[in-house]
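J.: Taking the hints into account, I'd like the entire structure generated from these sequences.
4 protein chains.
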Amino acid sequence: MFNIALFGCGRIGKVHAVNIAAHPNTQIKAVIDPYHEGAVQLANQYGATVMSVDEAMADKDIHAVCICSATDTHADLIEQAALAGKAIFCEKPIDLSLSRVAACLEVVDNAGVKLLVGFNRRYDPQFRTLRELFDSGAVGKAETLVITSRDPSPPPAEYVRVSGGIFRDMSIHDLDMARFILGEDPISVSAHGSCLVDPAIGEAGDIDSAVVILRFPSGAMANIINSRRSGYGYDQRIELHGSKGMLKAGNVREHLVEHWGDEHCSSAKPQNFFLERYKEAYIDEWQHFVDVLEGKAEPQCSGIDGELALELADAALESLQQHKTVELK
Amino acid sequence: MFNIALFGCGRIGKVHAVNIAAHPNTQIKAVIDPYHEGAVQLANQYGATVMSVDEAMADKDIHAVCICSATDTHADLIEQAALAGKAIFCEKPIDLSLSRVAACLEVVDNAGVKLLVGFNRRYDPQFRTLRELFDSGAVGKAETLVITSRDPSPPPAEYVRVSGGIFRDMSIHDLDMARFILGEDPISVSAHGSCLVDPAIGEAGDIDSAVVILRFPSGAMANIINSRRSGYGYDQRIELHGSKGMLKAGNVREHLVEHWGDEHCSSAKPQNFFLERYKEAYIDEWQHFVDVLEGKAEPQCSGIDGELALELADAALESLQQHKTVELK
Amino acid sequence: MFNIALFGCGRIGKVHAVNIAAHPNTQIKAVIDPYHEGAVQLANQYGATVMSVDEAMADKDIHAVCICSATDTHADLIEQAALAGKAIFCEKPIDLSLSRVAACLEVVDNAGVKLLVGFNRRYDPQFRTLRELFDSGAVGKAETLVITSRDPSPPPAEYVRVSGGIFRDMSIHDLDMARFILGEDPISVSAHGSCLVDPAIGEAGDIDSAVVILRFPSGAMANIINSRRSGYGYDQRIELHGSKGMLKAGNVREHLVEHWGDEHCSSAKPQNFFLERYKEAYIDEWQHFVDVLEGKAEPQCSGIDGELALELADAALESLQQHKTVELK
Amino acid sequence: MFNIALFGCGRIGKVHAVNIAAHPNTQIKAVIDPYHEGAVQLANQYGATVMSVDEAMADKDIHAVCICSATDTHADLIEQAALAGKAIFCEKPIDLSLSRVAACLEVVDNAGVKLLVGFNRRYDPQFRTLRELFDSGAVGKAETLVITSRDPSPPPAEYVRVSGGIFRDMSIHDLDMARFILGEDPISVSAHGSCLVDPAIGEAGDIDSAVVILRFPSGAMANIINSRRSGYGYDQRIELHGSKGMLKAGNVREHLVEHWGDEHCSSAKPQNFFLERYKEAYIDEWQHFVDVLEGKAEPQCSGIDGELALELADAALESLQQHKTVELK
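Residue numbers (this note's numbering), protein chains in the order written: chain A, 15 to 343; chain B, 15 to 343; chain C, 15 to 343; chain D, 15 to 343.
Calculated from the structure, these hints are not laboratory results.
There's no promise every hint is true.
Copies of the same chain are indistinguishable here, so a pair counts whether it falls within one copy or spans any two.
Result set (DSBU-like, lysine-lysine): computed pairs, CA atoms no more than 35 Å apart in a straight line [claimed, not checked]: (1) Lys155 / Lys106; (2) Lys258 / Lys28; (3) Lys338 / Lys310; (4) Lys338 / Lys74; (5) Lys310 / Lys74; (6) Lys155 / Lys293; (7) Lys155 / Lys258; (8) Lys128 / Lys74; (9) Lys106 / Lys293; (10) Lys155 / Lys343; (11) Lys258 / Lys293; (12) Lys106 / Lys338; (13) Lys74 / Lys258.
T.: Following this line, the structure appears as structure tokens:
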């Protein structure tokens, strides 16, 4: 049984809490959150102890940390956990600054601990199936990858202000997914965007609608289509066109009941947001982390993946601002 | 060029008029309808002559008749045309009385003319494809055939009163389709029904919702589901379950544009009724009749098919009234 | 925390074991199975004790029983549990004999214990949604219900021999579903069938392909289409046609990735069988039983539902044998 | 009845020949093609006369020309027809050189004749419906338009060499479609591409896989995804994301029959290529030209539309070559 210290009791912390507790080989030993009341509540629910960061890091019975706290605490916590010799699961991103990420990963490397970065979509059964079919040769050589990724509704402008911008906050998942599916690192990035959904997002210095084009050494291209608002739920689709056809992962709908009436035939919308859509992915992601803890697997998505996705996001921002394609390396 | 005498200027007469005129090898020579004004209008539109029945039958330049008049005139017109040596296309049914049908077909046989009975759905490209795939062995041996056939909205009670009832008027198409797809003649019929859509239909002595089960010598069963009202257009579907899987012909929708909104995802309803849904079938049906005229084909759906479908409809009525399965032959 | 005695360690016993153990308010206290080795293994896995039937019934710490043993033990175990004052969850059927069922239910009634009969499909999220939409008036008054229910592949003839026949073993789920969806009890049953899938089933005195028609007091009809073999997975669909349109619950596919290639476009088959298809239903069913244990709910599917479904299955058999519609009551 | 001179007897000339002949108000009077044998055959089929260009232009009985000849003859024929006072239908493009197009359109303007440029997809019922729904406010303000347009298989390299390149030959349809749907003219173009399908295309100086991003004054973006090969038929889809949801026009399949088997569920591929997919569009396009001839409509797609689409194609090429976004005007 592995004892886990859970950092952060917010929405995503609660998702992981459920999965840690439900897994036969892990349990929550410590809960750490500056919001004391929330920490107490979660700790009580799972029979855990509320601790300070230092207490948790010093506790020899804690085997691993699950970092779900605010983004600007990730890199510090990773470093402390690494120095304390604990295995690390950290929600994306490691940090919003590439240099901070690099420094952090050096600490992790030197400590020789395992680090799994939480790009949850890599574990989604639909996208996994698509990648497996691609790997099995179902569509031959990859040519064009089209990722549609649209949130149901825009976040508040205050969130946008600290988010690092749409590329680092939202597209980063899709940039990672492109690398994950194609198994290549891009050689150029071209980004385009508009503020169409909410003027407050524009006033916060960001855009809310984006298109990003990646080119890969093989010549394959990835086309990412993002929006902060779909109007019809969480739109998460992937199309992979290859030399022998197409693979296409559709949305997961709220249910499968259709209504045929005198106006039209209607079916359910896509599941509303990531908590529903990626519920199974979070479970499988935690299973993978347990496999890492048990020495059965190496992290499928490690620090370098977090770093490369951030590099692509930064390049997208540069491309957007300079109206040109940014070459990488 | 074959000259055609068109009997009947109603809805279905107009459908055939368009197709006769559009075919490079046929033209409308005569139009016959007791409703003189309608006949004149149609004749003018196609450069044809308004004639009486006798004139048309006597006209040596008329090679074939297309009978789209009221049901109770079909058998008489078929006989007159047969005696006049003309090839005959007749809308279903030949007559609502089995004995009248038998007598009429004897006249046709003795005259040695070609008779094509208009079960239009046999020419529908979707159902044709299904049958061709079945014939090619795509699902092995037939086991269960499910035909869903629902009109968009109920006819007026006055129509119901002279229609011969739902089995002879509506289910007859599906009874023929079951024979067409499976290539067998049923050995028993079981029918069930209710009057749910419009009480006036019940008062007219008919039902508006029906289920018919046919059993075939091979053991295969056909399950026909009928209603005078779908509420969402013309519902015309076929599922054929066989020893190696299923073939399934879906509805043809009004268009292929989906709308995804905050309530649900909607797509277009099925095409509204037979004029839209079977537009292509009517064209292909007429092409087949021209092939018959040209000696290139024998009627795929002849008098005997009309007779057998009516026999099944009569058996369905008997089954409904007696609450038991009716064995045939 | 409710302590549960689990009777039967077979396939379905294991499904419930997982759900009992995963529920925060229930745990497996005792495992009972004549196959001792299986009982030991399951007991060890969940920290439970292997007991005899009498030991389990006598154990005051056991609050409820979960009966997943062979069909012919159900009624006896229900009676013993009732006399021991334990709440009862029993997999369908209570018994294959109607008189045995009636006697058993009298014992339960006299004991005043709660009995939940396991018609798992009632808890399926898809069918629940369909029923909720119907109850909310989405399609008006019910007219025709079409239930397609086809197993992926036929059971061995030995199983068929003790199964009670297709109606009592397989259609019974659909007969219950018809009552569940429509909220009415049928007034007549008409059944039709063939042995097409496996001659050994016929030699065992059963059929493997069936169609059952139910009529309800409202005039609504239910049309059940069963087969022991689909050839493409577990085909579980429901269509409800009402006065204002149709509701349609489709199959749950293995995944949502399509492959478009030079032959055709392909998508995944329906999930293979009930363990996958009704995984969530079993969890929700157990949650409902816990609600019953906690006094928060009355059994949604009690002894009388088990009895009525069996009555319908018996009537179907009578109808099949006598080639007539069987009137009920 | 309008007499039409048909220039060009190739694949697309034959499409128009059928539609001209089938329309009640038009007939083919003259056929002009340097390939004499083809001209004779087509002329015979439709009761027309083979003429030289000059004869046709001089014939006072010819009301309009339908130009389906080789691309490099279009501008000359348009000018001659304009000077001869004939209404003009011309297949796209007017010419591959923007300056030649401008000169040609000046001649047309001065002559005051009607010119309809054949961007056939504007008349496709699916895309029309999408635009009508958008115009009716179904999805609010446009945000992102995604056009997927992939040919079934690549053309021979010889064709590529004279085609003007993928942007002028293939993407031009999608560039026009973006203008047609959104009702705006782009302010910038960014293009990306690879040669992945056939090295011979690369040797011919072209690419075969392209992504083009257009930005519009409203902030809306259009994302065009092109390939010379789909591997599964003619992939023609449009998604329009707006402030209130999405409209999505799917592919038209070869038929609607699904096969469910032990491997997967399969449905028919998209119709193979433009002759099938846009059959109805060509008919509606010709109807629109007849409306123009009859003074009932102004050309919905005139010379300026042809010119603007070419401008966008040229800008795409410039963007591709210079790795930057090209601003327009």
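J.: Check Lys155 against Lys293 for me: Cα-Cα at most 35 Å, and say if that holds within a copy, between copies, both or neither.
T.: So Lys155 and Lys293 pass the 35 Å test inside a copy (31 Å) and across (33 Å) alike.
J.: First find the shortest C-alpha distance between Lys310 and Lys74 inside one copy, then the shortest across copies, and answer within, between, both or neither for a cut-off of 35 Å.
T.: Classified as within: same-chain Cα gap 22 Å, cross-chain 44 Å, threshold 35 Å.
J.: For Lys338 vs Lys74, is the C-alpha pair at or below 35 Å within one copy, between two copies, both, or neither?
T.: neither (52 Å within a copy, 55 Å between copies)
J.: Cα distance capped at 35 Å. Does Lys338 pair with Lys310 within a copy, between copies, both, or neither?
T.: Neither way: Lys338 and Lys310 sit 44 Å apart in one copy and 47 Å across, limit 35 Å.
J.: Which holds for Lys155 with Lys258 at a C-alpha limit of 35 Å: within a copy, between copies, both or neither?
T.: Cα proximity of Lys155 and Lys258: in one copy and across copies (7 Å, 33 Å).
J.: At most 35 Å between C-alpha atoms: does Lys128 with Lys74 qualify within a copy, between copies, both, or neither?
T.: The answer is within: 17 Å in one copy meets 35 Å, while 49 Å across copies does not.
J.: Which holds for Lys106 with Lys338 at a C-alpha limit of 35 Å: within a copy, between copies, both or neither?
T.: both (28 Å within a copy, 31 Å between copies)
J.: Have a look at Lys258 and Lys293 and pick one of within, between, both or neither, based on CA distance no larger than 35 Å.
T.: Answer is both; intra-copy 32 Å and inter-copy 27 Å each pass.
J.: How do Lys106 and Lys293 come out at 35 Å by Cα distance, when the copy is not named: within, between, both, or neither?
T.: Both: 17 Å inside a copy, 31 Å across copies.
J.: Checking Lys74 and Lys258: alpha-carbon separation at most 35 Å within a copy, between copies, both or neither?
T.: Neither, since 54 Å and 53 Å both go past 35 Å.
J.: Taking 35 Å as the upper bound on the Cα-Cα distance, should Lys258 and Lys28 be classified as within, between, both, or neither?
T.: between (43 Å within a copy, 31 Å between copies)
J.: With 35 Å as the alpha-carbon cut-off, assign the pair Lys155 and Lys343 to within, between, both or neither.
T.: The answer is within: 24 Å in one copy meets 35 Å, while 39 Å across copies does not.
Hint compliance for this structure: hints 3, 4 and 13 are broken, all remaining hints hold.
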